[in-house]
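S.K.: Chains as they are written, first to last, in my numbering: chain G, 1 to 396; chain B, 1001 to 1396.
Simulated from the structure, these hints should not be mistaken for laboratory data.
Just to be clear, a hint being listed does not mean it is correct.
Over 10 Å on every C-beta distance to chain B, these chain G residues come out as not near it, computed from the model [to be verified]:
(1) L116
(2) Y317
(3) L326
Simulated restraints on C-beta separations [said to hold, decoys possible]:
(4) G1014/B to C93/G: 41 to 47 Å
(5) T2/G to Q1011/B: 36 to 42 Å
(6) E265/G to E1088/B: 36 to 42 Å
(7) R175/G to P1209/B: 29 to 35 Å
(8) F346/G to F1384/B: 57 to 63 Å
(9) G311/G to D1248/B: 38 to 44 Å
Chain B side only, calculated, beta carbon under 8 Å to chain G, not exhaustive [as the list claims (entries may be wrong)]:
(10) R1029
(11) L1116
(12) D1118
(13) M1185
(14) P1222
We treat Cβ as the ideally placed atom computed from N, Cα and C, and that holds for glycine.
2 protein chains.
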Amino acid sequence: MTTLVEEKVAQSIGILNEKEIDLWLTFVRETAAVGDPVLPLIYGDAGLTWQSALMISRDGRRVAIVGRLEEEAARRTDAYTEIISYDESIHSCLVSTLEWFNPKKIAINTSKNDVLADGLSHGMYEILISYLEGTPYGERLVSAEGVMSALRGRKTPAEVELIRSAVDETLDIYRHTFENIHPGMSEIEVSQLMHEQVKERGLGHAWAPSGCPAVNTGPDSPVGHGAPTELKIEPGHILHLDFGVRKDGYCADIQRVVYFLAQDETKAPDNVQRGFDTVVEAIQQAAAALRPGVSGKEVDDATRSVVTGAGYPEYKYGTGHQLGRLAHDGGGMLGPAWERYGDTPFWQVEAGQVYTIEPGLMVPGYGYIGIEENVLVTKTGVEFLGKPQTELILHL
Amino acid sequence: MTTLVEEKVAQSIGILNEKEIDLWLTFVRETAAVGDPVLPLIYGDAGLTWQSALMISRDGRRVAIVGRLEEEAARRTDAYTEIISYDESIHSCLVSTLEWFNPKKIAINTSKNDVLADGLSHGMYEILISYLEGTPYGERLVSAEGVMSALRGRKTPAEVELIRSAVDETLDIYRHTFENIHPGMSEIEVSQLMHEQVKERGLGHAWAPSGCPAVNTGPDSPVGHGAPTELKIEPGHILHLDFGVRKDGYCADIQRVVYFLAQDETKAPDNVQRGFDTVVEAIQQAAAALRPGVSGKEVDDATRSVVTGAGYPEYKYGTGHQLGRLAHDGGGMLGPAWERYGDTPFWQVEAGQVYTIEPGLMVPGYGYIGIEENVLVTKTGVEFLGKPQTELILHL
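Generate the whole structure from the sequences, applying the supplied hints.
M.R.: Written as structure tokens, this is what we have:
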């Protein structure tokens, strides 16, 4: 059976040819302490301790240079055509292997824009440069961000099914939660209920469990990445949840909202319903705009303008990010041209990518409305993974 | 109650004064994907998503600049005197906060030598330099490796007790294992037995579970960081194990050896016993040499020379590393002057550090003998954590 690592390494060779990169060099050490997020895709979970170099060439040659003690583990990945091991220093075999490849353009694991392509530490960069002194290769280095974002972003059919399965579990835990919550429960108690479900089902959390789920009830709860509080659900509250599971190494990331009816109410107040409808419409506009070839910024504009056009303040974060092995899976994003996003809002959307769409707004006096859906980019548009929330859930 | 983070941040202010560093700046982003190993010590496990700066000054001021959504989580660390949050870019508030501190020497989270002080990615380094253009601060940057290795290395009494507890659990799992193994079991079965014990006790593994324990039976097993194999224990085999648990966030890392008596044997063959005695003697020499003020290289020399002096080939790794939150806890090491170790073998040993001592040698025809002990450096020498192995365990 072909493993995910073999599948992704094979995929990377096609991407190197497409991007006209001769050699892709991933340089790491002590990955148990400072990991490179590309390793699960091109090496697996074994870990690399001493300075190690994974080299994939556009002609299909693949060399792993690792410490002596990890020669056997490297061999077992079945992803490299040659394993070289060393004892005292990687310096000479790194240089001689580069001479053997003699690449004109070498892409390395560093990026200002894409954190998931930025696994090379600055200390390791300085070491690499010192090893390459006196060779022509130091001047041939470029960022591998294009290779990595394509490799990570273009999900294989097997990867899409894994994400779909994580989405299904996440929605099923939401269903169970909505059946078991009631006014008087604290945000912490809602979180505990969902944590128990994650544990019972043998799943993981898509991000740090202390903030997964995020739970916000009513107008006074601090929205963000903080942990749930002692605030209690009351009639007349919007309850907002942000949650996702990790299953078999892949993540979901979904937000849902519930309205708790106040006494004598049979439906949500008009301004709550209007806020909800605005967010749903914004998501529809995002889905309509999202297809191969557009930039993330265009999709962000189309979504954000629905919220601001309805008179709400703009949300102070990007409309969506990619999703995969990590909840924030790097690469291009559906975002505005803000400095902290670097170039990533200008990258092109490609078929096979999976994005979140997550506009939000505050309804004063009631709480925060944020809905987040997960979508797969197809050749012509998008497919929602799991049933999107289009009706406000009303709870007694 | 003072938390570990508050305790370590307070400790860091003393270290900044000792090292004459005005400001310690830790610059990170998306730590769920690319973490900085210093964060558990100075921030906790909440994670930082947007570009964030943790700044600790030798005069005691401590500022965290974080994304808007993480303002509340940052406040809850109770470790920073001021929390600043931003929406679109950290650029201007980073620069204005530096102006407020106006430090002459700024230590940042990068190091060629110490991987655990090298959390700054090269992409983030380039971003930092671009933010500091036009200010005097770019030229005032130095590596924080001295600060970080002191902070991580000098264990507080509470930290030493946590490591001691991890050692005790590790030795107790060894005891249980030795009572339940027998010839005919495969390396994989021995590993499963130990994994079950880790799980039953609600503990974690000190490194990747696939290689924790490492299990080597007999002369043909590949020694190193690989996973256990289908090789079966036979009479006349040395069984070598390398294992440690993580408990309450702290690790142990211990190797043990067992000899399986062949038919009619009542003791180990002379060359097995001689190999064992050599390794035990090497550990005793390491313990005798290890005290505050010596370099790691001196200790490595004293240990290595026992093995080579007895006529065995030298082991191709360092004699020992520091131990703490991670099995390989960074900082100075007990190692030879090999290029891959950078400067770390020349750093001074300090009281409060915890080291492994782990010489090893191969006995042809029987297997690998490696013993690894964990020791605390005291003011005058060392204290063994847990009872060291000084007798060869004989098994029928």
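S.K.: Indicate, hint by hint, whether the structure satisfies it.
M.R.: Hints versus structure:
no., hint, verdict
1, L116, "violated (6 Å)"
2, Y317, "violated (7 Å)"
3, L326, "violated (5 Å)"
4, G1014/B to C93/G: 41 to 47 Å, "holds (43 Å)"
5, T2/G to Q1011/B: 36 to 42 Å, "violated (50 Å)"
6, E265/G to E1088/B: 36 to 42 Å, "holds (38 Å)"
7, R175/G to P1209/B: 29 to 35 Å, "holds (33 Å)"
8, F346/G to F1384/B: 57 to 63 Å, "holds (59 Å)"
9, G311/G to D1248/B: 38 to 44 Å, "violated (51 Å)"
10, R1029, "holds (6 Å)"
11, L1116, "holds (6 Å)"
12, D1118, "holds (4 Å)"
13, M1185, "violated (20 Å)"
14, P1222, "holds (4 Å)"
Violated hints for the displayed structure, listed by number in ascending order: 1, 2, 3, 5, 9 and 13.
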